[in-house]
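J.: Going by the working numbering, the sequence shown runs without a break in its numbering and finishes at 362.
Just so you know, these hints were derived from the structure itself, not from any lab.
In this text, a Cβ means the ideal position worked out from N, Cα and C, and glycines have one as well.
One thing to keep in mind: the hints can contain errors.
As the list claims (entries may be wrong) - Within a straight-line C-alpha distance of at most 30 Å, the following computed DSBU-like cross-link-like pairs (lysine-lysine) qualify:
no., residue 1, residue 2
1, Lys284, Lys300
2, Lys85, Lys219
3, Lys157, Lys219
4, Lys300, Lys89
5, Lys89, Lys297
6, Lys359, Lys85
7, Lys157, Lys359
8, Lys157, Lys85
9, Lys157, Lys79
10, Lys85, Lys300
11, Lys300, Lys79
12, Lys225, Lys284
To be verified - Distance windows between CB atoms, simulated:
no., residue 1, residue 2, range
13, Ser43, Glu314, 21 to 31 Å
14, Leu226, Val83, 28 to 38 Å
15, Phe100, Asn223, 23 to 33 Å
16, Arg353, Asn223, 14 to 24 Å
17, Asp221, Ile145, 20 to 30 Å
18, Gly342, Ser152, 42 to 52 Å
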Amino acid sequence: MTMNSKITVKDKQRIIYLDYLRIAATFCVVVLHISGQNWYTTSVNSFEWHVLNFYDSIVRWVVPIFVMISGALFLDNEKELSVNKLFSKNILRITTALIFWSSFYALDEGIQGANFSSFFISMLEVNYHLWFLIMLIGLYITVPIFRKITESSQLTKYFLVISLIFTFLIPNLLNLLTLLEISVAGKAFEAIQVSFSEMNFHLTLGYTSYFVLGYFLSKVDLNRKLRLLIYILGIIGFITTILLTARFSSKMQVAYGEFYSNFSLNVLLESIFVFVFTRYELTKITALMKYQSGVLKASKYSFGIYLVHAVIIEIMIVLLGINNLSFNPIFSIPILSIGVFGVSYLISAILNRIPILNKYIV
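Using the sequences and the hints, build the whole thing.
T.: Structure below.
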């Protein structure tokens, strides 16, 4: 590695930049959900909407980064991981957390409907942020397969190349041409979609791309020039997300979120930027690690924060009547995000101190 990004914690090596990424992604998913309030209902011509778009655009990397962290940890063949351990520890924990929290969030529907069927259906549909756990279970099930791919550097690169082409480049290029009203592109897009469907080419379509990418970026050595190129492309990705979303939303006179997609090329560039910058640059800045224990605690509590933050936002909106437009959104979004994150942190810290619960639901 170009730099030492590992630190010793209680005689165990820990990759500290992954903790930074986990904490940053957890906070920014709160920003994402708060900035998303009123995004569809506010006029796209208003100052407020453009502020919401700005905040929403600059944190679109959060889900890809969560997946990339998992890939960096689970696809490393230097670490032993049996199928039995994968299911009995990792998949079991995610599954029990999913069942518990989907039941918790479904209680409101059950109470309003006053019957078990309302509760049961709501639990199966899961709260809006819990979809991530379902996706994560699917990824974890494929870990033994993808570890075979990451055993080979050549095969890993091959997988990433075809992922780039079929998951990001072709669909995004055709979508952009369609938006520019180039008629042949619309027909081509439909034809490609049909071809994809007929190919059943799902192995490299979806979050497996970020899963393998996270492993690759955690292992490959990037020289300074290549990192600089990644940073430039990443900045272009951030700017593109903001401007293209604003441009086509204004054109259609309705909030247009296609460029927010985790599989848009601009979000891919954002995600690579954040991962690489954190691994190389942020780790240098914090090399002394004076706040190491605080970082490790926040990283440990991040899963619980993710799970509980949605109910805090709900309480804030329904009971307190506060949302991102209650005052100037330039200030409301970061202030409310810090508040929700702080309360969620305290709840997660408490849950992490309760035996059994700390093992299976947070």
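J.: If a hint holds in the structure, say so; if it doesn't, say that too.
T.: For each hint, the structure was consulted:
1. Distance check on the hinted pair: lysine 284 and lysine 300 sit about 22 Å apart at the alpha-carbon level, within 30 Å; holds.
2. The straight-line distance between the Cα atoms of lysine 85 and lysine 219 is roughly 24 Å, inside the 30 Å bound, and the hint therefore holds.
3. Using a Cα cut-off of 30 Å, the hinted pair lysine 157 and lysine 219 holds, with the two alpha carbons roughly 12 Å apart.
4. Using a Cα cut-off of 30 Å, the hinted pair lysine 300 and lysine 89 holds, with the two alpha carbons roughly 16 Å apart.
5. Distance hint between lysine 89 and lysine 297 is fulfilled; the C-alpha atoms sit about 21 Å from each other, no more than 30 Å.
6. Of the supplied pair hints, the one linking lysine 359 and lysine 85 holds, its CA atoms being roughly 14 Å apart against a limit of 30 Å.
7. For the hint linking lysine 157 to lysine 359, the alpha-carbon distance of about 36 Å lies beyond 30 Å, and the restraint is violated.
8. Between lysine 157 and lysine 85, the direct Cα distance comes to roughly 28 Å. Compliance with the 30 Å bound is thereby established for this hinted pair.
9. Of the pairs offered as hints, the one joining lysine 157 and lysine 79 holds, with about 20 Å between alpha carbons and a cut-off of 30 Å not exceeded.
10. Distance hint between lysine 85 and lysine 300 is fulfilled; the C-alpha atoms sit about 20 Å from each other, no more than 30 Å.
11. With a C-alpha separation of about 20 Å, the suggested pair lysine 300 and lysine 79 falls inside the 30 Å cut-off, and the hint holds.
12. For a cut-off of 30 Å, the pair hint linking lysine 225 to lysine 284 stands: about 17 Å separates their Cα positions.
13. For serine 43 paired with glutamate 314, a C-beta distance near 25 Å keeps the hint of 21 to 31 Å intact.
14. Evaluation of the 28 to 38 Å hint for leucine 226 and valine 83 yields a pass: the beta carbon distance comes to about 36 Å.
15. The beta-carbon spacing between phenylalanine 100 and asparagine 223, approximately 46 Å, falls outside the hinted interval of 23 to 33 Å.
16. Take arginine 353 and asparagine 223: their Cβ atoms lie about 44 Å apart, and the range 14 to 24 Å is violated.
17. Separation of aspartate 221 from isoleucine 145 is about 26 Å and conforms to the stated range, judged on CB atoms against 20 to 30 Å.
18. Here the CB-CB span from glycine 342 to serine 152 is close to 45 Å, well matched to the stated 42 to 52 Å.
When each numbered hint is compared with the structure, violations occur for hints 7, 15 and 16.
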